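Here the protein sequences come in this chain order: F and L.
With the working numbering, you'll find the first sequence wraps up at 667, consecutive numbering, no jumps.
With the working numbering, you'll find the second sequence wraps up at 338, consecutive numbering, no jumps.
Do not take every clue at face value.
With a Cα cut of at most 27 Å, we get these calculated DSS-like pairs of lysine-lysine [claimed, not checked]:
#1 F:K312 with F:K598
#2 F:K273 with F:K560
#3 F:K560 with L:K305
#4 F:K370 with F:K273
#5 F:K633 with F:K274
#6 L:K305 with L:K262
#7 F:K414 with F:K273
#8 F:K418 with F:K274
#9 F:K560 with L:K262
#10 L:K263 with F:K560
#11 F:K560 with L:K307
#12 L:K245 with F:K598
#13 F:K560 with F:K598
#14 F:K598 with L:K263
#15 F:K274 with L:K245
#16 L:K262 with F:K274
#17 L:K325 with F:K560
#18 F:K274 with F:K560
#19 F:K418 with F:K458
#20 F:K633 with F:K273
#21 F:K414 with F:K274
#22 L:K245 with F:K273
#23 F:K312 with F:K633
#24 F:K458 with F:K414
#25 L:K325 with L:K263
#26 L:K307 with F:K598
#27 L:K325 with F:K370
#28 F:K273 with L:K325
#29 F:K273 with F:K458
Label pairs and their computed distance ranges (CB to CB) [what the hints assert, rightly or not]:
#30 F:Q410 with L:S185: 18 to 26 Å
#31 F:P305 with L:A274: 50 to 58 Å
#32 F:Q522 with L:V326: 36 to 44 Å
#33 L:G303 with F:G225: 34 to 42 Å
Which bits of chain F does chain L cover? Going by a derived footprint, with three or more residues having C-beta under 8 Å, they are [as the list claims (entries may be wrong)]:
#34 564–575
#35 610–622
These are computed hints drawn from the structure, not numbers from a lab.
Since this is a predicted model, take the numbers as computed values, not measurements.
Note that beta-carbon positions come from the ideal geometry of N, C-alpha and C, so glycine has one too.
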Amino acid sequence: MLSDFFYGLTIAIAPDNILSVLAGVVWGTIGGAIPGINASIAMALMLPLTYGMDLNHALPMLAAVYVGAEYGGSIPAILIKTPGTSAAAATVLDGYELNKKGLGGKALLTSLYSGVIAGVISVILMVIFSLPLASFGLKFGPSQYALMGLMGLSVVGSVAGANAIKGFISALFGLWIATIGLDPITGTSRYMFGYYKLMEGLDIVPVIVGFFAISEVFSQIYDGYQGVKGDHDFKIQHLNKQDWKQILPITAGSGVVGTFLGALPGVGATISSWICYSQAKQLCKNNETFGHGDIRGVAAPEAGNNAVPAGALIPLLALGIPGSNSTAILLAGFNLQGVAPGPMLFSTQPEIPYTMMACMLVAQIVMLLVGLVLVRPSLAITMVPQKYMTTAILLFCFIGAYCETNDPFSIFIALVFGIIGFIMKINDFSVAAAVLGYVLGVLVENNIRRAMVLSGGSLKIFFTGGINIVLMIIIIVSFLFPIISARLSAKKSK
Amino acid sequence: MKKFLSATRISGIITMVFSAIAFVTATTFDSSAMLTNDPLGAAAWPLFLTGAMFLMGTILVIFGDKTTKVSQGNDDKSESSSKKQPVQLLVTIFAMIVYLLLFEVLGFLIVTPIFILIMTLYYGGKLKVAIIYAIVLTSVLYFLFKVAMGILLPPIPFI
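Please build the complete structure, drawing on both the sequences and the hints.
Structural data, given as structure tokens:
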């Protein structure tokens, strides 16, 4: 296994290979940074170019786009509160707060370093555990997915803000939004009121862009542009020893969790980033600074979503199963090259999967360099006066929302959720909790119902098996821990 | 009465009304459609969510401002207390609606620079800078989305 990997590494570090990885990372980062263009769209746009390319250049380039896009999404999330991809939505919470304090550069560096470290960890795990992890992932059924979704929701109490009840209402509202459209199990129309464009539910990009970016623009206009500092002098505060001590354990933990979540079909980077943020907040000491500009709140979701690409490659390479849109495009890339990924590939042509793994490692290093080059130019965004920036953000949000469907209705949805988000904010409801509910809503509902179908209506299915019991314990601890720790600290202060 | 109707209680009432409407709507969902062995059906989850939302709204109405942590709430308020600009916000929303309505009628390349120019001038930009900014930003958006990413933006009609 290791000899195959090192052989793959010799191919991966060839200059022409590094160039194709560089092209992929740059393209992915740009795509990821543009609202509405996610990893799968950026990869799909790159796919036709790979047709005439050699196998050793085509597939690493596509994988590098995936890696770059997951990082790129965090740049606008931190600087203008507009997540470039939905996976960067959780990064907004602390990243933008850091930027408001004039620490945008530090937030970008945290995002980059934690992303790269988690990416490297995920590649190492992929090399060692590819085959066993893929088969373990297959043991996950609807009940396990539902419990994982509930685990992600356990962070609601801590992103709720000043009023916990309003936080829970926001999360319930987010979960409710996810029910709009045709019910995927029975085909019943829910809250569509005969409007066919709502059949597939609300698209994730307009909802997130509206909730986070447009509502923020509205808040800034309403408040007369108060409270945004920005890195106007371009001085980047680098991470010191203390910062590294804080982010390293979180990054390593989120890297492992993100790799595992990436390996599960249908989970993806968005859910992974929220679960990692949630778990980091629960487990960290002095976690009251989360949501108010804490670098740990940037490191956790960024490590969580940057570990996903390598994780997602595990079932693709080992079993030939694409677990997401991005890996489905990668599978198309394999097919274009006449290669069928799966267990046979490891025995007949081991150099192909191991070269892919090695290229993923190279992609992380290339992303580090690209990211370091991009930090300072990215900060130029914060120098643009608000009177010009406002229009640019609104238009990026609009066109970003329009991208996936080519339908102005998506722009309308973004505008509606911008207004809803703004009203929620001025009334102390939590927009973050609503987004969390919306993102996890489909996963939780569909899998609870599928599990109930499998069990013939018995709730026992959620308490059966080792995985479920472990997940249940984590959920109970996650929900109770903030309450217990708040009581304990209140007692101590007395 | 004024004291009783705090912002928190009004939020609670709105939540109750909204969730009650959504709850009643959910009771009309046809659960028997297509798959009969789905024990929960299409209505159960929305009913649970809206029911819980109604309950939370009721708590807000009963307990009012007691549900808010005082210190953090005050911090948040003090940050954004000065000079509210509701008119500027309403004009922005109105302009966005007009942009949305004209987006496909006039095409991206006509409606976008006009929107940028008007809004930049409205926010206090200088005319010359606003004109250059409208052209540059439209070009950047067009290049990124249409040329680089291949997104089909609405074309100028009759061309």
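Now for the hints, and whether the structure bears them out:
1. Between the alpha carbons of K312 of chain F and K598 of chain F the distance comes to roughly 41 Å, so the proposed pair goes past 27 Å and is violated.
2. About 17 Å separates the Cα atoms of K273 of chain F and K560 of chain F, which keeps this hinted pair within 27 Å; it holds.
3. For a cut-off of 27 Å, the pair hint linking K560 of chain F to K305 of chain L stands: about 10 Å separates their Cα positions.
4. For the hint pairing K370 of chain F with K273 of chain F, the CA-to-CA distance comes to about 38 Å; that exceeds 27 Å, so the pair is violated.
5. For the given pair, K633 of chain F sits about 49 Å from K274 of chain F by alpha-carbon distance, which is inconsistent with the 27 Å threshold.
6. Our distance criterion of 27 Å between C-alpha atoms is met by K305 of chain L and K262 of chain L, whose separation comes to about 23 Å.
7. For the given pair, K414 of chain F sits about 23 Å from K273 of chain F by alpha-carbon distance, which is consistent with the 27 Å threshold.
8. About 21 Å separates the Cα atoms of K418 of chain F and K274 of chain F, which keeps this hinted pair within 27 Å; it holds.
9. With a C-alpha separation of about 16 Å, the suggested pairing of K560 of chain F with K262 of chain L holds against the 27 Å cut-off.
10. The straight-line distance between the Cα atoms of K263 of chain L and K560 of chain F is roughly 16 Å, inside the 27 Å bound, and the hint therefore holds.
11. At most 27 Å may separate the alpha-carbon atoms for a hinted pair to count; K560 of chain F and K307 of chain L meet this at roughly 14 Å.
12. For the proposed pair K245 of chain L and K598 of chain F, the alpha carbon gap of about 19 Å is at most 27 Å, so the pair holds.
13. With a C-alpha separation of about 22 Å, the suggested pair K560 of chain F and K598 of chain F falls inside the 27 Å cut-off, and the hint holds.
14. Between K598 of chain F and K263 of chain L the alpha-carbon distance is near 14 Å, which keeps this suggested pair within the 27 Å criterion.
15. Restraint check for K274 of chain F and K245 of chain L: the C-alpha separation of about 31 Å exceeds 27 Å, so the hint is violated.
16. Under the criterion of a C-alpha separation no larger than 27 Å, the hint pairing K262 of chain L with K274 of chain F is consistent with the structure, at around 21 Å.
17. About 26 Å separates the Cα atoms of K325 of chain L and K560 of chain F, which keeps this hinted pair within 27 Å; it holds.
18. The straight-line distance between the Cα atoms of K274 of chain F and K560 of chain F is roughly 20 Å, inside the 27 Å bound, and the hint therefore holds.
19. For the given pair, K418 of chain F sits about 13 Å from K458 of chain F by alpha-carbon distance, which is consistent with the 27 Å threshold.
20. Our distance criterion of 27 Å between C-alpha atoms is broken by K633 of chain F and K273 of chain F, whose separation comes to about 48 Å.
21. About 20 Å separates the Cα atoms of K414 of chain F and K274 of chain F, which keeps this hinted pair within 27 Å; it holds.
22. Between K245 of chain L and K273 of chain F, the direct Cα distance comes to roughly 30 Å. Violation of the 27 Å bound is thereby established for this hinted pair.
23. Distance check on the hinted pair: K312 of chain F and K633 of chain F sit about 17 Å apart at the alpha-carbon level, within 27 Å; holds.
24. This hinted pair checks out: K458 of chain F and K414 of chain F have alpha carbons roughly 17 Å apart, not beyond 27 Å.
25. For the hint pairing K325 of chain L with K263 of chain L, the CA-to-CA distance comes to about 38 Å; that exceeds 27 Å, so the pair is violated.
26. At most 27 Å may separate the alpha-carbon atoms for a hinted pair to count; K307 of chain L and K598 of chain F exceed this at roughly 36 Å.
27. Note on K325 of chain L and K370 of chain F: the hinted pairing holds, with a Cα-Cα distance of about 24 Å set against a maximum of 27 Å.
28. Distance restraint check for K273 of chain F and K325 of chain L: the Cα-Cα separation of roughly 32 Å exceeds the 27 Å cut-off, and the hinted pair is therefore not satisfied.
29. With a CA separation close to 24 Å, the supplied pair K273 of chain F and K458 of chain F stays within the 27 Å bound.
30. A hinted range of 18 to 26 Å is violated for the C-beta pair Q410 of chain F and S185 of chain L, which are about 41 Å apart.
31. Taking the beta carbon of each, P305 of chain F and A274 of chain L are about 57 Å apart, inside 50 to 58 Å as hinted.
32. Judged by the Cβ atoms, the range 36 to 44 Å given for Q522 of chain F and V326 of chain L holds: they are separated by roughly 38 Å.
33. Roughly 52 Å separates the CB atoms of G303 of chain L and G225 of chain F, a value that falls outside the hinted 34 to 42 Å.
34. Counting residues of the stretch 564–575 of chain F whose beta carbon lies closer than 8 Å to any beta carbon of chain L gives 8, which meets the minimum of three for the stated coverage.
35. Residue count for the stretch 610–622 of chain F with a Cβ under 8 Å from a Cβ of chain L: 3. That meets the three needed, and the coverage hint holds.
Checked against the numbered hints given earlier, the structure breaks hints 1, 4, 5, 15, 20, 22, 25, 26, 28, 30 and 33 and satisfies all the rest.
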